[in-house]
Amino acid sequence: MPSERAHNPIIIDDELCIRCPLCDIVCPGDIIIRGERAKVDPPTVAYPAECWYCGLCEQSCPTDAITIVFPERMIRPPLTFADLLGAGEPAP
Amino acid sequence: MAETVLSGPSVLETDVLVVGGGVAGCLAALAARGVGAEVLVCDKGGRLAWSGSVGGGVDQFLAVLETDEEWDRPAYLMQSVGQLTDGLVDLAVVERMVYELPRVFRRIEALGVNFREKDAEGYARHRAFGLPGAYHVDFDGKKFKQTIARAVRRAGAKELMRCAIVSLFAEGGTVAGALGLNIRTGELYAIRAKSVVLATGDVNRISRNVADMPYASWHFPYNTGDAQKMALGVGAVLANMEFIEATLGPTGFSSQGTNALTGLGAHYLNSAGERFMFKYDPLGERARRSVLVDAVISETLEGNGPIFLDVRHLPTEELANVERTLEVDRHTVPGFLRQKGVSLAEEPVEISISEFSIRRSGVYFRGSGIVIDEAAAAAVAGLYAAGDCCTVSAGIAGASSLGWIAGVSAAGFSATQAAAPELPADELAADIAALNAHLDENRTGSYWDLEDAVREVVTRDVGFRRSAESMARAHAVVAGLAADEAAMKAADAHELGRVVEAKAIREMAEVMVVAAEAREETRSGSSHYRVDYPEPDERWLKVLGVRKRDGRYERVTGNAEGHWKGLVDAEADDVVAAGEAYGAK
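Sequence lines, in order, name chains A and B. At position 27 of the first sequence the residue is numbered 27 (my numbering), and the sequence of numbers has no breaks. Offset between the second sequence (1-based) and my numbering: plus 1000.
Calculated from the structure, these hints are not laboratory results. Note that the coordinates shown come from a computational prediction; the quantities given were computed from them, not determined experimentally. For glycine and all other residues, C-beta sits at the position ideal for the given N, C-alpha and C. Just to be clear, a hint being listed does not mean it is correct.
Facing chain A, according to a computed beta carbon distance under 8 angstroms, are these residues of chain B, among others [to be verified]: (1) GLY1056; (2) TYR1222; (3) THR1300; (4) THR1459; (5) ARG1539; (6) TRP1540.
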């Protein structure tokens, strides 16, 4: 995984988290993995670069322990649409 | 330790295997259970209630309700389909799907989905996507998927969750079953099935977006064309693969929301502050969605970007509701705008083009993918397809209707089969060995690198502007990358699932180029814009299919009447080497 994409979008408040498995269950991308010991270990965001930013985990969390935080490259994208198509020039 | 990642395979048997538990898959499961077939549903998600592209909710459903309104009948809607789709769809299949819509709507209501307006008896309906009537029902579909998933369980279908189907088997022209992989535990399943319904959705992660984050996409990033690749491999035909679909989102976050703002009456402004939409369509901002997207692409390429959406002229009470409206489409959009420091009530928000998908080219009913007939049957006995992975696609309504039809057909086929066939032992062993090989610690390739290489060249050279020259470059690169597939390394079962997806993405990109090179015209705006053939050509009012025979791609086109059926057996127009063989030429 490229390091510049390693931003963790799913911030879990350790104090608020009650170690239920809901975020693991609802995540459509198999990104969040529940802790090994039920009700003891917190979940981990195992594949942060593969997040869809759908927010199902944030919505489903029974104690509002999850906040979605966007990376700088989404807030201020490094590229423009024209760059993707090749320096603003249409394909020859 | 690599050798302990995978276990099994456990052998399972079923009448009907449903691959993909989204809306199409769930309706297929319900239909097949309804006539007594044993059903097994596999999905990559953790729980059927939230899996698939609308697991988080949905807010509209295309319905034909057969009320007193003249337009509210299947026959009336059908009159427009030929013109809407340029005829690039099998009208007999659309007709079958459209005639099923009133019944499927009532069935879904009976499952407990409330389509009615809040605190009212009637339905809130609006006109959209260039359709000839107010077919779309607005409803609170936050729990739509949860409701139908509960029905699937009640009906007695078995579920295998976090299970990616990684291989499909056919013997003597009849489907035999599949190999499944639990992407969390590494358990393998050898599934013997009398029939198979494919419903894995569209092809995403195939191009870049401005944040360069392939998973932070408008469409569902975990749909990667898995079914299309597997179907092609066992003899099915893919069609309309040259067409792409893009949409609009706030710059940096390819997300839903701009449609809702457009619906509220937002103005599109270019960098000079001009409302430019009327240059492209007399309806201005009320033009069809695909027209709006095309206009933003053109305006940007002409150097008039960035583009902004402005809602400041809306009445105060509507502005107060704007955030809530956005949240319905995608929960995280208001948070994104807050973090970006944009207040819609005070300033225009910059928007941009999303990455693109192989889906339905912005044209309702005209799907891209597995060619099916009126029974939702693909060109392999016992194989069916529905939803965004097949050639007739119309949102969740289309997925529901064709999913139901596919389920009935599959169960009917299964009833004619004495027993589920044996899986071909050699192929099964070879496929499991190939999976294990990716877990070898000595592999050095990465699924990220392979996908990135595909996305870079596809976006630049086979994107919204294409030419013979640009596509020749892309074709060599994408085909040549087939040689790098075997080297991809997976550290665990999850990554192995991604490796399988990366292979599907690469092959679908190759099929897209193979198809797009042949269509020497421009059609449906930026869906297939050839700078070397910038005008539509009526000689190309015909469907283009790609099939795979003896490891090579065959391009096949049909003529106006009944041409879809011919795609399976008609003589190929020409043959194109696939993968490494093409790269080596």
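Each hint tested on the structure:
Contact between GLY1056 (chain B) and chain A, as hinted, is supported at the beta carbon level, the nearest pair being about 5 angstroms apart and thus within 8 angstroms. The beta carbon of TYR1222 (chain B) is positioned within 8 angstroms of a beta carbon in chain A (closest approach about 6 angstroms), and the interface hint is therefore held. Interface restraint check: THR1300 (chain B) against chain A, minimum CB-CB distance 5 angstroms, threshold 8 angstroms, status holds. At about 5 angstroms, the closest approach between the beta carbon of THR1459 (chain B) and any beta carbon in chain A falls short of 8 angstroms, and the interface hint on this residue holds.
Taking 8 angstroms as the C-beta cut-off, the interface hint given for ARG1539 (chain B) is violated, the closest approach to chain A being about 23 angstroms. Given the 8 angstroms rule on beta carbons, the hint for TRP1540 (chain B) is violated: about 20 angstroms separates it from the nearest Cβ of chain A.
Against the hints set out earlier in the document, violations occur for numbers 5, 6.
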